[in-house]
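Number of protein chains: 4
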Amino acid sequence: MLPRNFTEEQNMFRDAYRKFLATEIVPHMESWREAGIVDREAFRKAGEQGFLMVWPDERYGGMGDEDFRFEQIIIEETNYARCGDWFNTLHSRLVGPYLTRFGNEEQCDRYLSKCVSGEYILAVAMTEPDAGSDLAGMRTSAVEQDDHWVLNGSKTFISNGINADLVVVAAKTDPENNPHHMTLFLVERGMEGFERGRNLKKMGLKAQDTAELFFNDVKVPRANVLGEPGKGFVYLMMGLAEERLLGAAGYLASAQLSWDLTADYVKQRKAFGKPVAAFQNTQFKMAEMRTELDIAQVYVDQCVAAFNAGCFTAVDAAEAKLYTSELQVKVAELGVQLHGGHGYMDEYPISRQYTDAKISTIYAGSSEIMKLIIGRDCLGDDYVPFNTRNF
Amino acid sequence: MLPRNFTEEQNMFRDAYRKFLATEIVPHMESWREAGIVDREAFRKAGEQGFLMVWPDERYGGMGDEDFRFEQIIIEETNYARCGDWFNTLHSRLVGPYLTRFGNEEQCDRYLSKCVSGEYILAVAMTEPDAGSDLAGMRTSAVEQDDHWVLNGSKTFISNGINADLVVVAAKTDPENNPHHMTLFLVERGMEGFERGRNLKKMGLKAQDTAELFFNDVKVPRANVLGEPGKGFVYLMMGLAEERLLGAAGYLASAQLSWDLTADYVKQRKAFGKPVAAFQNTQFKMAEMRTELDIAQVYVDQCVAAFNAGCFTAVDAAEAKLYTSELQVKVAELGVQLHGGHGYMDEYPISRQYTDAKISTIYAGSSEIMKLIIGRDCLGDDYVPFNTRNF
Amino acid sequence: MLPRNFTEEQNMFRDAYRKFLATEIVPHMESWREAGIVDREAFRKAGEQGFLMVWPDERYGGMGDEDFRFEQIIIEETNYARCGDWFNTLHSRLVGPYLTRFGNEEQCDRYLSKCVSGEYILAVAMTEPDAGSDLAGMRTSAVEQDDHWVLNGSKTFISNGINADLVVVAAKTDPENNPHHMTLFLVERGMEGFERGRNLKKMGLKAQDTAELFFNDVKVPRANVLGEPGKGFVYLMMGLAEERLLGAAGYLASAQLSWDLTADYVKQRKAFGKPVAAFQNTQFKMAEMRTELDIAQVYVDQCVAAFNAGCFTAVDAAEAKLYTSELQVKVAELGVQLHGGHGYMDEYPISRQYTDAKISTIYAGSSEIMKLIIGRDCLGDDYVPFNTRNF
Amino acid sequence: MLPRNFTEEQNMFRDAYRKFLATEIVPHMESWREAGIVDREAFRKAGEQGFLMVWPDERYGGMGDEDFRFEQIIIEETNYARCGDWFNTLHSRLVGPYLTRFGNEEQCDRYLSKCVSGEYILAVAMTEPDAGSDLAGMRTSAVEQDDHWVLNGSKTFISNGINADLVVVAAKTDPENNPHHMTLFLVERGMEGFERGRNLKKMGLKAQDTAELFFNDVKVPRANVLGEPGKGFVYLMMGLAEERLLGAAGYLASAQLSWDLTADYVKQRKAFGKPVAAFQNTQFKMAEMRTELDIAQVYVDQCVAAFNAGCFTAVDAAEAKLYTSELQVKVAELGVQLHGGHGYMDEYPISRQYTDAKISTIYAGSSEIMKLIIGRDCLGDDYVPFNTRNF
Ligand SMILES: Cc1cc2nc3c(=O)[nH]c(=O)nc-3n(C[C@H](O)[C@H](O)[C@H](O)COP(=O)(O)OP(=O)(O)OC[C@H]3O[C@@H](n4cnc5c(N)ncnc54)[C@H](O)[C@@H]3O)c2cc1C
Ligand SMILES: Cc1cc2nc3c(=O)[nH]c(=O)nc-3n(C[C@H](O)[C@H](O)[C@H](O)COP(=O)(O)OP(=O)(O)OC[C@H]3O[C@@H](n4cnc5c(N)ncnc54)[C@H](O)[C@@H]3O)c2cc1C
Ligand SMILES: Cc1cc2nc3c(=O)[nH]c(=O)nc-3n(C[C@H](O)[C@H](O)[C@H](O)COP(=O)(O)OP(=O)(O)OC[C@H]3O[C@@H](n4cnc5c(N)ncnc54)[C@H](O)[C@@H]3O)c2cc1C
Ligand SMILES: Cc1cc2nc3c(=O)[nH]c(=O)nc-3n(C[C@H](O)[C@H](O)[C@H](O)COP(=O)(O)OP(=O)(O)OC[C@H]3O[C@@H](n4cnc5c(N)ncnc54)[C@H](O)[C@@H]3O)c2cc1C
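Chains as they are written, first to last, in UniProt numbering: chain A, 1 to 391; chain B, 1 to 391; chain C, 1 to 391; chain D, 1 to 391.
With the rest of the complex left out, here is chain A:
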């Protein structure tokens, strides 16, 4: 594969984080899967050792280094170590930045250190039973009243839904006139009327808690409005490119792991007197996936570079998300197949790689939504054909 590009410091960071995972996280994953939820301690431990949130300013306890490659390292190593369903990145880099991006200083001061330390766990709640891809269909709404807002509605499929201490909740604030007039609220554990529903049973991502949330006349103080009222929808869209890049890095890392697990397996497994790796079908199928993985890795790495350079677009992100998530599913499927009956057993990691993978093409914008975004862009009027471009 083509050479990758990390700084010496980043390589050391990778090493250290890998050790952290091996010691503090890996040994617990299976029991957390059993429990359907990660122990809050995991966040605290990571926070303590400086591995939870890297990007925030030092005064909040972070390293203050915004280079996306640190996050990429965290994502990659978490996945290689089979801790993907810890879902730490959702906390750290998906929800966390809402505070700095849209919040005011007071809000950052109030919450950010606690997030960096792992005392507070974050979640973001957009989806509702009847509104997923199409957020404008949401029913949760809030009305202003005195010095607070009154929030009503329910959310579902919320990652970290049970563990979360602080939830960014999207609600309509002018539902009659404008379905896109939304506001983001910082809802805290313990606010009256904020209840959690079931921790949903699901096909994979077993350690991650995915829950329903209910809001019954929750009084949210004005100070807990994130950014300007009415701009919620725009805010949600603004973070998407970055969020999908996080996703892409993770899906790809998971796919890499599936490939590696399978390569290991077919090299040692024998049938008809040969390693399964010796059959041409095995070699060709693995080679096809190896090719796609290597190409995708270069793409994701260049996306990260473009992100760092400030020239990463929503369409680039959609392509990265689409390609890597579909690849994750394909590699996992090949992996199970080449494991034979063992691929179907919980005790073989490839089995969970397979059930974990299938959500990647659905959440954070489904493959269909990615194609909508890309198709609209590239069949639009301002698309410049290659054959007339001067690069």
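Treat the hints with care, as some may be off.
[Claimed, not checked] As a list, the in silico BS3-like pairs of lysine-lysine whose alpha-carbon atoms are at most 30 Å apart:
#	chain 1	residue 1	chain 2	residue 2
1	C	K201	D	K201
2	C	K231	D	K270
3	D	K267	C	K330
4	C	K201	C	K330
5	D	K114	D	K45
6	A	K267	B	K201
7	A	K270	B	K201
8	C	K274	A	K274
9	C	K330	D	K270
10	C	K45	C	K201
11	A	K114	A	K231
Simulated from the structure, these hints should not be mistaken for laboratory data.
Given the coordinates of chain A, assemble chains B, C and D with the ligands onto it according to the supplied hints.
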């Protein structure tokens, strides 16, 4: 779709069996999934009402009708009712016929009525930790001694492994000289030295018990040798066409269900103000699958007719198995995708359809083994090209 | 493969037709490809020997046997003999039946014998430069005037366009009020104002002439209106199921040939000291295609039986067309690939199989249009789910 | 898409070369296609204006700039301008470097200026009727005799075979003992016993001449041996990574053009009252291809950078070749499909894009050979799994 072809009696049988399932099986499936094993009562109930084994002679309690379409109806309805992981067909038509096909009358008399009534549950044990596709790699072996054989070894991935009362066990009986010299033994629950291992945790087929079996100096009486010693491998091969046809009928029925569940879902689920069924992508993808399903159904039905007519070959069976199992996976995957986040939740049947499906391309001869069989046949020297045939 | 079902008479017919092709058609194909058009003699020769149109009544010179299997034999053998671009079926069974289906007796008497004898060659002209899939977009129109209609407009992509003596032309006859108000006209060679354009150069189907047709104030006598004025669109739709079945039989036969050509080739071609057929990739890919071919053949044969039995629907036909045409392309592509460099050379038949194939997914209703038809049907309200059907 | 990276000088070079193509090459392509061969003038014109060979030292008339991006620009623009079948790159960067890489100074002096000026046209002849993928199967051989070698044998599928003035010919020079003992000879037009066979008719690449070459007792002077005798096979392998990168850049550029042609078409073509671009199927399929193209472009660009940096491997090249050539075929196929009937007509460029594309997965090492290379590498023992790497 093209008209199907069942007799009036068969249609009535379908109706009655469907009702039986709805009353006696469906309500328990979820708790059996929870338990990882089907209650033995299920077999007994089915036996009582004449739905367990249809083909055996009336003196054993069957209907004595060998028309495969009865079995097809059982398989289809079991799958449509989402009871596929009951795995009754393994008992009834996959293992059961070993008795009549290779066993002697005494053995039939001894066991068959109990199988028809559901008192005895059947299993077949070929696979071992180190030998799956390649049975010649098995290590379990038996030596003749006095009036019995002494059986040693272990098996794994045995369906109904925990529930089984009578297990057809394949063992090598001349391992030094001929790896294909095998003998089939009828091993009964309670024989000394016959132990069961864990009920394996697996991705899907949750209600079905899949287990390890151990044989330590098990004394198997001569009367429990099935057919002639040394012919076991040939016997195993002889049933394969029929077994794969059973499989194919089931995979296809499961695929049909996945499609139906998805069609229902997309018709009622709304996004962006329309049913998901109204998006062209949904329509086209569903139409592609509908096409493959309709074509596969005609093929399977014609296979059944050919089987009834005695002209169904191992290669036909391999094609049926290959195509339907791959289709089952594809339809389930599309189904999950079109269900969005709900597709990932246990409470939505499509989620289990997906995890159930993935074993179909692996067991009973993996897709790779099917391709080996077909490829060898059609690139062999006696293949007659279409363009020179006179049909 | 499963047994096929032809009568003794049909097998003899197949034999005789095969001999006819070998003698009268095959030797000329290459020069007709060079010329871009089939010699009219081909039709006459076939007519003479009773191989052109089988279904018409004996008084018109046919055999009067409507069993579709005769046509299927013609289509299959024509394709196996690599004479597919003769396009005789378009004449015989696609356009011919318009006369009996919608025409009156006088018209049949006037034309049918000449069509059966091959004196007259037929074509049908619907498509226009700006209207293909969507016929309602056509601009050709006709107005009634005295005892005739005046036809104006142009058509394109008309098969047999140069050779045709009699063309069924679709024109709008109430364009202002109803874009679907069309009438079919029988336009004869030599009518004033009827001109042919270029014989279009195309990727494949080299021997078939595909041309533009121009109509400038062509006076079409009333006696040449086919059926009732205004019903043209309905008429066009009525023949579609049959036409697509013709298509499907041919696409599949072509795919069978591609597979056979490739099997022959890989068995004799050597690389790295082995026949190319010995590599597992070759075997697996060929096995996948063999499977799809065998399954498709059973489907098409059952479609033919259903057609004969009068229970073949437009949706069945769409599925047959979609599946077989896509398969034709896939098999041809694999064939070229496995031929290596030779697959790219005109002198190797697989090369033309490839370029011929690609039109099949486009004309006679593109794959997209097939999916529209199927999708609309199976996501519609009257679709009965499998899991509730009683067959 | 992510930003690309060219110097200002390179952008100007692109502009100038594009103008050159538009003036001197594009207007003739169609007649060269008709003739099956490019006019030798094309090379001379390019040579004159400094666009034929950029990399050779200034004393040979080149620019002496080895940055691969100049070649990439040439390849891209040639393809965007639909002049791919001029095949100038084979001359310039595929065969040309054999002289500097393996030849001695005298040979460079003798030939290189003439190659740069376009006076001499180059070809390389490895393939034989019975040896393509497996070069060790070749039969052409040479024996040393006095001051020359006597060359006997024949080659086929040689690009520029008719036009070539100087052909690098591979021959066995110790056929009995070692099938890989080969020597490369510089065979010139006019040497006695060197004859050309037919200009082969082929599916696409119509303007490029592909021919058979015959060698009957050709006396090749010692001074025309390239490098050391016996090292020919190694030499052929040494250029492969670079050659496949050339290929990849071209296949991808052709794929980009196919996509652009199709995007243009679907935006203006109407059906059912809408642009074809407005159907979701069109958008989704185009978006899938757009995604793969953008990702592949980043990969190829990074391969070029790695090549420039000296760290580009044979496996990287195999992946690039495999992925881009398969993509070229896929995009062209989608393009034809979305063009409807027009896609099948010679006058629509997409039609030739399709027939041109299919050779890319075959020559310069077929997709199967690429998978062999990659599979062997990544299932070999020194593969380092991602999940243990420290990048
Ligand atoms: C494990 C898990 C964790 C999650 N975590 C969170 C979280 O933390 N916070 C949160 O807010 N949400 C979360 N979600 C929700 C997730 O983002 C949504 O499930 C996702 O956006 C899809 O929405 P949906 O499920 O409503 O599907 P739907 O929107 O109902 O889509 C159903 C199907 O229709 C397709 N479709 C929709 N629109 C179109 C169109 N225009 N054209 C063609 N096809 C279309 C979709 O692609 C999909 O295939 C999570 C979900 C899961 C399963
Ligand atoms: C839920 C479940 C129920 C089962 N029930 C039973 C049962 O009741 N009784 C029983 O005896 N067994 C049972 N099995 C075992 C099952 O039949 C085997 O798992 C299956 O035959 C595959 O064998 P394997 O797992 O050893 O895979 P392997 O044979 O190790 O195969 C590994 C991979 O290599 C591939 N491969 C193997 N040979 C080749 C080749 N020559 N060329 C190319 N690829 C090749 C395979 O296709 C597969 O992808 C069950 C398995 C499961 C998971
Ligand atoms: C060799 C040849 C022979 C022919 N012979 C005849 C003949 O004898 N008589 C005759 O009348 N015609 C003939 N045709 C014409 C042929 O039937 C048309 O080309 C075909 O119907 C497609 O129409 P089009 O080319 O206008 O494509 P368009 O209708 O322009 O379609 C362009 C693309 O858009 C897609 N598309 C269209 N509508 C939709 C939709 N709603 N949703 C999604 N995608 C859509 C199409 O599938 C296609 O991919 C022939 C064509 C060829 C090439
Ligand atoms: C237009 C054109 C231009 C060309 N130009 C040149 C040129 O300038 N100079 C030159 O020397 N050659 C040239 N070639 C030849 C080209 O390089 C060969 O065609 C190519 O290498 C494939 O070799 P083959 O045709 O002998 O295929 P074969 O080697 O016979 O391969 C047949 C099939 O078997 C497959 N196969 C082979 N080995 C294996 C394996 N181990 N496992 C699985 N599958 C396998 C192949 O992939 C292919 O699908 C050209 C060819 C064409 C068509």
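Hint compliance check: list the failing hint numbers for this structure, sorted ascending. none
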